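Novice: Sequence:
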Amino acid sequence: MRGSTVSVVVVIPMLVAVVSGCAEHGAAGAATDSRVPATTSRSTASTPPPTPRAARIDHVVDGDTVVVRLDGRRRTIRLIGIDTPETVKPDTPVQCFGPEASARTKYLLPRGSVVWLTGDARTGTYDRYGRMLAYLQPAGARITVNELLLREGYARLYVYDPSRRFTRHEPFARAERAAVRARRGLWRACPVDASRG
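Residue 20 is where the sequence shown starts when you use my numbering, and the numbers rise one by one after that.
These are computed hints drawn from the structure, not numbers from a lab. Note that the structure is predicted; figures quoted are calculated from it, not measured. We put the beta carbon where it would ideally sit given N, CA and C, even for glycine. Wrong hints could be hidden among the right ones.
Per label pair, the in silico range of CB-to-CB distance [claimed, not checked]:
| id | residue 1 | residue 2 | range |
| --- | --- | --- | --- |
| 1 | Arg75 | Ser182 | 21 to 27 Å |
| 2 | Asp146 | Pro112 | 21 to 27 Å |
| 3 | Arg130 | Ala197 | 29 to 35 Å |
Please work from the sequences and hints to get the whole structure.
Specialist: Below is the structure:
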């Protein structure tokens, strides 16, 4: 009897460790926190998804650019995978549906609100203007602002470097196609060439 008691004492902690490790990482190794954006199956072990970080909205510049407070500093964020019509670009007139896209982003990301900021190993950390590239997901939301703007027709799909498609390209492309088919937002309000920036 004594030998079986020792076996139980050793086996139970091992089972707890194995089960909790599986539950924490899930079958595919993805985090299970519902506040954190899920990664697509296209992620590879050599390019793990960057860890989501909490940030606070400082202000919205336009439909696809936001300033956040991150680690005690102000950082300008360019939303990965989308492009909204211009409203503040120097030497560029305000474009069709630009004011509406900016207003929608301001509504979705009010000053002081908390967001989960996630980078993408495939895009790099910064764009050519020094803006940090990120997906932004409001705390408690089930979808990133990036994808929502595409679904609602406030943005068009944008690939910064065609040789390095961002991780969420496929769901973003589906979101844009749905908006185009339904003629939502800029796809109704703007000329046919609205798909070009």
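Novice: Which of the listed hints are broken here?
Specialist: Hint 1 alone not satisfied by this model.
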